[in-house]
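Protein chains in written order, with the numbering used here: chain A, 5 to 368; chain B, 41 to 539.
Derived by calculation from the structure, the hints in this document are not laboratory data. Not one of these hints is a red herring.
Covered stretches of chain A (in silico footprint by chain B; criterion: 3 or more residues with CB under 8 Å from a CB of chain B, positions within the stretch not fixed):
| no. | segment |
| --- | --- |
| 1 | 61 to 68 |
| 2 | 95 to 101 |
| 3 | 182 to 195 |
| 4 | 222 to 235 |
| 5 | 319 to 333 |
For every residue, glycine included, the Cβ atom is placed at its ideal position computed from N, Cα and C.
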Amino acid sequence: MFKKFKASKVQGLLASRLTPHAFFILLSLYPFNPLTVTSVFAQAPFYQGKTITIIVGTKAGDVYDLYARAIALFMPKHIPGNPNFIVQNMTGAGSLIAANHVYNLGKPDGLTLGAIFPALYFDQLTGRKEVKFDWTKFAWIGSPTVSNHFIYMRADTPYNTIDDVRNAKEPPKCGSTGTASTGYYMPKLFEEVIGTKFNIVTGYQSGGDIDLAVERGEIVCRSFTITAYHAREPFHTWRKKGFVRELVQTGKKRDPRLPNVPTIYELMEKYKTPEAARRLATVILAAGDVGRPYVVPPGVPADRVKILREAFTKTMNDPDFKGEAEKRKLELNPISGEELEGLAKEVIAQPPEIVERMKKVLGK
Amino acid sequence: MLDAFVSGFWQVVAWPAFGYLLIGIAIGFFVGLLPGLGGLATLALMLPFSYTIKQPVEAFCFLLGMLAVTGTTGDITSILFGIPGEGSSAALILDGYPMSKKGEAGRALGAAIMSSVVGATIGALSLAISIPIMRPLVLLFGSPELFIIAIMGISFIGTLAGSSLIKGLLAGGIGLMLAAIGVDPQTGAIRYTFGFLYLWDRLDIIPVTVGLFAIPEIVDLAVRGTSIAEKRAEKLTGVMEGVKDTFRHFWLVMRCSLIGVYFGVLPVLGANVAQWMAYGHAVQGLKDRNLAGKGAVEGVLGPGSANNSTRGGDLIPTVAFGIPGSGSMALLLGALLIVGLQPGPEMLKSRLDVTFAMVWILIIANLIVAALCFLILNQLAALTFIRGGLLIPFLLLLVFIGSFTANNSLNDLMVTLIFGLIGYYMVLQGWPRPPLILGLILGKIAENYLWISTAAYGAKWLLFPSVIFLILLTVVVVAYPTIKERRGRARYERPEGAI
Chain A
5 MFKKFKASKV QGLLASRLTP HAFFILLSLY PFNPLTVTSV FAQAPFYQGK
55 TITIIVGTKA GDVYDLYARA IALFMPKHIP GNPNFIVQNM TGAGSLIAAN
105 HVYNLGKPDG LTLGAIFPAL YFDQLTGRKE VKFDWTKFAW IGSPTVSNHF
155 IYMRADTPYN TIDDVRNAKE PPKCGSTGTA STGYYMPKLF EEVIGTKFNI
205 VTGYQSGGDI DLAVERGEIV CRSFTITAYH AREPFHTWRK KGFVRELVQT
255 GKKRDPRLPN VPTIYELMEK YKTPEAARRL ATVILAAGDV GRPYVVPPGV
305 PADRVKILRE AFTKTMNDPD FKGEAEKRKL ELNPISGEEL EGLAKEVIAQ
355 PPEIVERMKK VLGK
Chain B
41 MLDAFVSGFW QVVAWPAFGY LLIGIAIGFF VGLLPGLGGL ATLALMLPFS
91 YTIKQPVEAF CFLLGMLAVT GTTGDITSIL FGIPGEGSSA ALILDGYPMS
141 KKGEAGRALG AAIMSSVVGA TIGALSLAIS IPIMRPLVLL FGSPELFIIA
191 IMGISFIGTL AGSSLIKGLL AGGIGLMLAA IGVDPQTGAI RYTFGFLYLW
241 DRLDIIPVTV GLFAIPEIVD LAVRGTSIAE KRAEKLTGVM EGVKDTFRHF
291 WLVMRCSLIG VYFGVLPVLG ANVAQWMAYG HAVQGLKDRN LAGKGAVEGV
341 LGPGSANNST RGGDLIPTVA FGIPGSGSMA LLLGALLIVG LQPGPEMLKS
391 RLDVTFAMVW ILIIANLIVA ALCFLILNQL AALTFIRGGL LIPFLLLLVF
441 IGSFTANNSL NDLMVTLIFG LIGYYMVLQG WPRPPLILGL ILGKIAENYL
491 WISTAAYGAK WLLFPSVIFL ILLTVVVVAY PTIKERRGRA RYERPEGAI
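For reference, chain B alone in the conformation it holds in the complex (with noise of 0.2 Å):
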């Protein structure tokens, strides 16, 4: 085992692997970097150039090196200009742009970058780990379990609430009401299409969320009339000073990551609702909770090595069934198979040294990235510092560009503009935006999964042990930040009631 470690790591430093490597991370810089145009997409249109690729680490350098970076580089969008640079960076947006107007986009950047990379680490040890215990580790979730998740994903919207309760749960329940948009799987029935085909296939969650978020965030630019950053800061560097709020809050970000690692594994959740998940704990964890969404640095650690402790969740179905986990371990599938190599059971046996190869490809792809980012972040930064109206022209293209990639459809561009509209009405309004994504993300799981639990064990599934575990860590997580502030609040109480 230790010997296909090492030459795991041999094999991707050497050349002409390393050069592929370098060649992913390139591309994954820029893909990550432009919102909408994602790393599914990018793999697809790269998949063509793998063939020619006769090694299947070299194969793999090229793909999962590009993939590994997106996660990161993403996150520097959503930072600077309020704009998903990744359908899995939108969390990043709700405290990292409010830290960007502060003048504080360095150090946003560098905790952004640093979690990610401890993100990407803890993924990829994770699936070194996991290798022996993987089966039974991705068949202890079945639809039952994954029902209940997408319930306590649903809870939190309590938590992404922010000031308004009322407006948090009913911003949830549109979200809900909006993912039943499209054919029904079960019976086959169209709703909410109003004719229009192209809401057959439900609406596409990277329009919503580049109108919900970024819009709003363009038109606020403009009515300000500012640059994004507000004040200007003393000196442009903070970004160090990030760094050290990743290790300052370092058990946040190693929770956050498993947080990520375990979405990962579960086959149909990933990165999209990861993020959430992270920001929510992290928001939980304030000590004053009204900082959240106003830059606290945690909610930028959270989601930020979330998102990228995925990939090496998402890894392991696809190592140890041969089962993609996602939409583009399903294309990294293909490129294996090109370059010859069945996985599953049969890889891990015969060519463990390529499982270990991808441990190390995610781990050097992010940090390599992290060096370069690190090198020019300040000058990153420093767009923070722009005149608005000279940024907004680019910056709605950026969002128009990137909608448009979802589907190649004008009906893309409408839905980006409609939820915009909305996006803009729910900020003047003070409603908040996360409960309405992740209604969305997660109706369609929920809705799903309740469907197939009780079509394949009638009402049984309610009476499994691990599905009865998963309500009570349910209602634990719910219950957890009212009972904690009631006992904080108990023993301040106390003295004062003593005299």
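Excised from the complex, chain A in its bound form (with noise of 0.2 Å):
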């Protein structure tokens, strides 16, 4: 009672006190709050003097690695305040390190970036206890590339097109490097939801020593990216020769530079797929729609996530960067933040039974 008496009389006494007049005289004085004075006379960007780390989950030399230093060349002239970038590598586990080291020990404050593989949110979803990161809280700045991929075919095997890979009675052997790569799981999730049989061979050394392994006759196939095969050699001389085919691709639409091959959702149509190993597709296959990103961890502050987003387009949209990634043949076709937001949000909100489909394309 007694409180409530009091709170009305100083309400009471406030309002009779705030005329028109003072109001504006307290108006005016409000830049000089100290709570407020930053906003108004910050002249000085946050970023100026600063320094930007990106920290990249591959050793130095690796592709993820190529384009971060080609973005960190760029990126600082579309940032008010022009800060200073670096590059520094974190290797291992697959940039899971990496992935754990920027959300956990990363300060928030927009000056730590992750440049992390797409496809880790397999791991969170599978529930590896490793995992320290929840995929859907970093926040995402952009990507520079989608990664598609394809599965490339000896041309002397009698598999001409999936559906020979679907009849047959043995099944063509694919190279891999381990499970973790996309050389073996692309295949087994064929497999899940075309019903391909493919006989997948892991523990070569590297991709080339894989294709070299082709040449050699010990495997006819490959699942890999469709840039690197459109990059460099063998592949040149093999498509020249037509020493191989291409069976089968994964982005939603075809590539320009394979126009002949079917999409795995084309197949996905053809063979009536249900509608639980669409899911599972749809899921595994976004880890290409998320391409090469990059992150900050959670809790930076929404301006600072706004201006790096804004100058990640930027920069992809510069000419002299586009110019310069033509030379070191690195291929651009951006992915805005906003959009790796929400495939961040739906690939992570999967129900039990598509995870342990997952588990199953994934070796695990």
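Mind assembling these two chains? They're in different frames, but the hints should get you there.
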């Protein structure tokens, strides 16, 4: 009772004293309020004189690293205050170490960016205890390119189309470095959703090692990125000689460079894949749309995330950057941070039965 | 073909290509000397600088020139301080460092540098000669063959075991076990990682090698309280003696160079394995096997030549198929693409001169660095006469910076320390260390290629003629010393028996 009385009295006092005249005086003083002073007098942008570190989850010289080093050269001029950029390599466990580090040890001040693998959410979904992040809580800055995949098959094998692989008595042998590689789980996914059969031989040391094994005829097929297939040897020679043919690609639309190769979505339509399997395909193939993403840890102020996202987009459209990327043979097909954020939320919300099937595809 | 060969030479010595070559050599010189910091990492860091170079040969002078000399100068650190300057120079410690201790650093350095030049030349010439037969040569080795070669390598543990065969075999077995650490590529199972993400990618060979070999030597130096060289040599020269040793054992150097080329061509083995094979081969041929590890110059010549000749061999699959033969070749391939060249069959037809320019770069870079080394070798050798107390802080710094460059992780330092401790006890108890390293390197290769062979061919691969040939070769290589010894003894005993 007493409290109520007091409160109403104070309100009454305020109301009686705060004439319009006084209100305007207060308003004019508002900028000097210590709580608001920074926002009005912050002539110097936050990033001025600061250093942004990009933590790359691969070794120096790897393609993720090459992108990061090119972006580090051109992004500063698109951020107000032109901060310095440095690239730091933190290798290990397929960039899981880098992702854990950025999420937990990176300060949420917008000065630490992570360049991590797009498929790390597989480990979160399948419940790996080593995962120390929540995929949906990263703030997504952008990705310079998508990375869709395809399967090549030696042309002197009887497998002319994906249909032949479905009906084959003896499944063709595809090479892969390990079970965490697309060389392994893409063919496995096709097995789940369109009923193809592949015999996957794992343990090769590198992609080049697999291509050599295909030249020798030890194995006959491999799944990897469409970009790499069009960027270098031995594939130029292979295409020219008709040494291999392409069976299936993973993008939502056909890649302009592979106009006659069906997408997995078309094939799922053709073979009337049930809904659950389609959902599985969407979850796994989303990694291709995420491409080569850049993230900041959760808790970075929204205005800084906005600055970084805008700077990323501007960098991607910068003609100088495009020229440099062209020179360094880095394909550009950028995706914005907003789109990545949407994708991240979509892939993590999966029912248990999808997760179970996913474990099977990923060999876990 | 001859035109291209000559044109390649002139392109390398023309300005500004030659200037780039000198810059590359200067960088490679120091990278080689510093332990841990290897050719591969440096190549990755230098790659962006090459983007501004327009001509392929000029870019290659810079990058390949740098890479070519790291193997040569890496040997210097191994010999002088017992610290591997490069991962591929570790085998030189075994006999090179004892030579330094005996006050023969000059001779060891002379032998290492000269054999490096011979090795690099053989490697480069092999690249040139094999151009017409490159493709079949590379395709000769499939996964079953690689598996048998890895087994052959593992069987060399017997040769590297030193005085006690049992301890050697056990050390090799520990190495094989350590090779199992990490994510298994066949099933994705995580083995022996004890919750450390760092161990998922298997133990990195650099921190293990540096810890195992360098730390015990540094501790030993501290305990002895003297300089590295125990005896003061009459005079510091002896470099020429080492050069003469190279030609005294010329055929050994040639054979070891060819071992290097062969391991370079194989897509996954490379200099890290070749050096041990060459060392094993060199000490097998010693008249008195007990001299191995005690400062036999053959133990310097073998790996010295082999780790340089692999560079030429490495380039063969890169040039023939456009498929990199090693990590550093993958980066070089990237550089080729940027200057607008597509390595592969097409380049051999249209730009043969570039391939020959690579041959010349390998040879010229090594000649220049050898000349440079000979100018300062005596001064370098004098380092072994500095009081240990002054050297140790500096050496420890080098060791830890070196191992840290493997993954830029503090865990690299932990691995170095742990293996330093293990190495120290191994030395104290008379356990040989090379079998452990060999087991660690080859365990992974043997496991993977056994799986691949079986997955791809079932059991049929055991009957491939090439596999049978390699198995027989392995048996001969393993049995040869025993046979030689028996026959030698038999010949020696016969007259006695007659009496």
